[in-house]
Amino acid sequence: QKEVEQNSGPLSVPEGAIASLNCTYSDRGSQSFFWYRQYSGKSPELIMFIYSNGDKEDGRFTAQLNKASQYVSLLIRDSQPSDSATYLCAVIGGRKSSYKLIFGSGTRLLVRP
Amino acid sequence: SQTIHQWPATLVQPVGSPLSLECTVEGTSNPNLYWYRQAAGRGLQLLFYSVGIGQISSEVPQNLSASRPQDRQFILSSKKLLLSDSGFYLCAWSESSNQPQHFGDGTRLSIL
Chain A
232 QKEVEQNSGP LSVPEGAIAS LNCTYSDRGS QSFFWYRQYS GKSPELIMFI
282 YSNGDKEDGR FTAQLNKASQ YVSLLIRDSQ PSDSATYLCA VIGGRKSSYK
332 LIFGSGTRLL VRP
Chain B
2 SQTIHQWPAT LVQPVGSPLS LECTVEGTSN PNLYWYRQAA GRGLQLLFYS
52 VGIGQISSEV PQNLSASRPQ DRQFILSSKK LLLSDSGFYL CAWSESSNQP
102 QHFGDGTRLS IL
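Sequence lines, in order, name chains A and B. The working numbering numbers the first residue of the first sequence as 232 and each following residue consecutively. The working numbering numbers the first residue of the second sequence as 2 and each following residue consecutively.
If you are wondering where the hints come from, they were derived from the structure by calculation, not from laboratory data. Treat the hints with caution; some may be incorrect.
Label-pair ranges, simulated between beta-carbon atoms [claimed, not checked]:
#: 1; chain 1: A; residue 1: I249; chain 2: B; residue 2: S58; range: 38 to 44 Å
#: 2; chain 1: B; residue 1: E23; chain 2: A; residue 2: G240; range: 33 to 39 Å
#: 3; chain 1: B; residue 1: S68; chain 2: A; residue 2: G247; range: 48 to 54 Å
As a list, the in silico EDC-like pairs of lysine to aspartate or glutamate whose alpha-carbon atoms are at most 16 Å apart [claimed, not checked]:
#: 4; chain 1: A; residue 1: K273; chain 2: A; residue 2: D314
#: 5; chain 1: A; residue 1: K273; chain 2: B; residue 2: D106
#: 6; chain 1: A; residue 1: K233; chain 2: A; residue 2: D258
#: 7; chain 1: A; residue 1: K331; chain 2: B; residue 2: E96
#: 8; chain 1: A; residue 1: K331; chain 2: B; residue 2: E60
#: 9; chain 1: A; residue 1: K331; chain 2: A; residue 2: D258
#: 10; chain 1: A; residue 1: K298; chain 2: A; residue 2: D286
#: 11; chain 1: A; residue 1: K298; chain 2: A; residue 2: D258
Note that beta-carbon positions come from the ideal geometry of N, C-alpha and C, so glycine has one too.
Just chain A, with the same shape it has in the complex (with noise of 0.2 Å):
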C-alpha cells in the first residue's frame, strides 16, 4: 500500500464548475497535511494546509480532513482553465519520521473552457 494515494486522473471539469482531489494516506499518526499545485515544468507550489479535522477554506479553496477515515480533499470552486495542473497531496509526522514530507503521485487536472 502506498503512503499517500491519490487517484492520477486526468480529472476534466467545465470551467466554473467544482473539482473535487481526493488523496488517502495509510500512517494514522500523520499530523500535516498539504496540498501543492504544480504546472507543467515548474515546481511545486503550496496551496493549502491542514491541521485539524474540518474544513480550511482560503478563497475558491477548501482543504477538508477526517483523521478518523485518513482521507484529506481539496475542492476548488469556480474553476478556471488556469487551474489545470497536477495536484500533489503531502503529509508528515507520521510513525517513519516528523520532517519526512511524504508526497502522492498527483492528480492531473484539466479544466476546459
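Could you slot chain B onto chain A? The hints should help.
Chain B in isolation, oriented as in the chain A frame:
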C-alpha cells in the same frame, strides 16, 4: 518575506563529470532545508535534509552528497554523475519540521 533561490535553472552534463547545485534562502534564520529529485513523470523523492549548519541527513544512498556551509545555504554535489542522476532537482525550506515546505524554481539536470 522569505525567498528561495536555486541555480542554475538548467544544466547539461556528461556522464562522469562533477556536479554542484546551490540553494540559498533569504528572510529567515535557521530554516530546515531539503533537496528533492523528481524524475520525469514520477513523484518527489527526498534526497537530503538539514536542520542546521553542518547537519545533513541522507534519505537515499547514492552518489550524491549535500553540505550546509552557512545557515541559509544548501549545496548538492556529486563527484561523478551517472545517467540515472538526470531529473528535476528541487530545494525547499521550512520554518520547522512539520511546517509547510516552500520550493525553489528547481534545476533541470540532463546527463549525456
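Verification of the supplied hints:
Restraint check, I249 of chain A to S58 of chain B: a C-beta distance of roughly 41 Å satisfies the suggested window 38 to 44 Å. For E23 of chain B and G240 of chain A, the hinted distance range of 33 to 39 Å is satisfied, since their beta carbons lie about 35 Å from each other. Taking 48 to 54 Å as the suggested C-beta distance range, the pair S68 of chain B and G247 of chain A conforms, at roughly 49 Å. Between K273 of chain A and D314 of chain A the alpha-carbon distance is near 14 Å, which keeps this suggested pair within the 16 Å criterion.
With a CA separation close to 7 Å, the supplied pair K273 of chain A and D106 of chain B stays within the 16 Å bound. Annotation: proposed proximity of K233 of chain A to D258 of chain A holds, straight-line Cα distance about 10 Å (limit 16 Å). With a C-alpha separation of about 14 Å, the suggested pair K331 of chain A and E96 of chain B falls inside the 16 Å cut-off, and the hint holds. Proposed proximity of K331 of chain A and E60 of chain B is supported: the alpha carbons are some 9 Å apart, at most 16 Å.
Restraint check for K331 of chain A and D258 of chain A: satisfied, since their Cα atoms lie roughly 12 Å apart, inside the 16 Å limit. At roughly 12 Å between alpha-carbon atoms, K298 of chain A and D286 of chain A fall within 16 Å of each other, so this suggested pair holds. With a C-alpha separation of about 10 Å, the suggested pair K298 of chain A and D258 of chain A falls inside the 16 Å cut-off, and the hint holds.
The structure fails none of the hints (numbered hints given earlier).
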